[in-house]
Amino acid sequence: MKIITQEEREAHSSHVLAEGAKGLFYGGLVSVGLFAYLKTRHPVRFAAFNTSVKTCILTMPTVAISAFFADQGSWDFDRQMYQSDYANQQMMEQYREWNNMSLSEKTFTSLNNNKYKIILTSWVASMWGSWVYVNRDKVMTGPQKLVQARMYAQAVTIVLLLSTIVLAMKEEELNKGKPAPLPEWKKVLLEREAEQKQQQAEQKAHEAEVKNQPA
1 MKIITQEERE AHSSHVLAEG AKGLFYGGLV SVGLFAYLKT RHPVRFAAFN
51 TSVKTCILTM PTVAISAFFA DQGSWDFDRQ MYQSDYANQQ MMEQYREWNN
101 MSLSEKTFTS LNNNKYKIIL TSWVASMWGS WVYVNRDKVM TGPQKLVQAR
151 MYAQAVTIVL LLSTIVLAMK EEELNKGKPA PLPEWKKVLL EREAEQKQQQ
201 AEQKAHEAEV KNQPA
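Sequential numbering of the sequence shown, starting at 1, is according to full-length UniProt numbering.
Rather than coming from a laboratory, the hints here were simulated on the basis of the structure.
Even for Gly, the Cβ is constructed at its ideal location relative to N, Cα and C.
One thing to keep in mind: the hints can contain errors.
Stated by the list, open to error - Across the chosen pairs, the derived CB separations fall in these ranges:
#	residue 1	residue 2	range
1	V156	T59	25 to 31 Å
2	Q6	Q80	55 to 61 Å
3	V156	A21	21 to 27 Å
4	V147	V30	27 to 33 Å
5	L146	Q6	56 to 62 Å
6	Q94	C56	37 to 43 Å
Unchecked claim - Within a straight-line C-alpha distance of at most 27 Å, the following computed BS3-like cross-link-like pairs (lysine-lysine) qualify:
#	residue 1	residue 2
7	K106	K176
8	K22	K117
9	K39	K138
10	K106	K22
11	K115	K176
12	K117	K176
13	K39	K145
14	K106	K170
15	K22	K39
16	K22	K145
17	K211	K197
18	K197	K117
19	K22	K170
20	K54	K22
Let the sequences and hints guide you as you build the complete structure.
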């Protein structure tokens, strides 16, 4: 039976919190979307809801999705962490590297690792938001509104693309200060050499102990 170290507990907690935060974000999007849908598509029924029901519409999906992501993150962490000694070591190295980063480095790394998800989500939100904003205009025709909404969405897309360039430049800047990573095969060789040296040292210590014992 493997005894879990304090560092492994901290790595597990950090991973679960990160996954729970992702669930909180996605759950918030679902809650806001559901709230806006009911308010615009079913205004009469929505007006009949009391404050408790409206609060539940905003909070329940957020809490449920966040809890699901956290639970799934815990399961994924255990599966990846304890499938082999090599996987255990890799996970702990990633945790130590993350733990040694500053807050700004963690922020840029998280944004860079999830940039495509953020871009896609932001693009969809900008399309929807642009259409909702333009659709309020009672003068423009349908095709004119569509063109105007597309122009707004294209402007947001350009901003997002520029943001990805900034993130890529920041990532390159952060990686400059890091030593070149060792190839995996070299890591395995170094680990085996260290184990052999440790075994030889233990064997020598045992032999010396046997020789020093009185006959």
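Hint-by-hint comparison with the structure:
1. Distance hint check: the CB atoms of V156 and T59 are about 28 Å apart, consistent with the given range 25 to 31 Å.
2. Between Q6 and Q80 the beta carbons are some 19 Å apart, a value that contradicts the proposed interval 55 to 61 Å.
3. Between V156 and A21, the C-beta spacing of about 24 Å keeps the proposed range 21 to 27 Å intact.
4. Under the hint 27 to 33 Å, the C-beta atoms of V147 and V30, about 30 Å apart, fit the expected range.
5. With their beta carbons about 58 Å apart, L146 and Q6 fall inside the hinted range of 56 to 62 Å.
6. Here the CB-CB span from Q94 to C56 is close to 38 Å, well matched to the stated 37 to 43 Å.
7. Annotation: proposed proximity of K106 to K176 holds, straight-line Cα distance about 16 Å (limit 27 Å).
8. A hinted pair counts as satisfied when its Cα atoms are at most 27 Å apart, and K22 with K117 qualifies at roughly 11 Å.
9. For the suggested pair K39 and K138, the alpha carbons sit about 20 Å apart, so the restraint of at most 27 Å is met.
10. The hinted pair formed by K106 and K22 meets the criterion: a straight-line CA distance of about 15 Å does not exceed 27 Å.
11. A threshold of 27 Å between alpha carbons decides the hint, and for K115 with K176 the separation of about 21 Å falls inside it, so the pair holds.
12. Straight-line distance between C-alpha atoms of K117 and K176 comes to about 26 Å, which keeps the hinted pair within the 27 Å bound.
13. Only pairs whose Cα atoms come within 27 Å are accepted, and K39 paired with K145 is accepted, the gap being roughly 22 Å.
14. Note on K106 and K170: the hinted pairing holds, with a Cα-Cα distance of about 12 Å set against a maximum of 27 Å.
15. With a C-alpha separation of about 26 Å, the suggested pairing of K22 with K39 holds against the 27 Å cut-off.
16. This hinted pair does not check out: K22 and K145 have alpha carbons roughly 34 Å apart, beyond 27 Å.
17. A distance of roughly 21 Å separates the Cα atoms of K211 and K197; the hinted pair therefore holds under the 27 Å criterion.
18. In summary, the hint linking K197 to K117 is not supported, as the alpha carbons are separated by about 47 Å, beyond the 27 Å threshold.
19. Restraint check for K22 and K170: the C-alpha separation of about 23 Å stays at or below 27 Å, so the hint holds.
20. Annotation: proposed proximity of K54 to K22 holds, straight-line Cα distance about 23 Å (limit 27 Å).
The earlier numbered hints that this structure contradicts are 2, 16 and 18.
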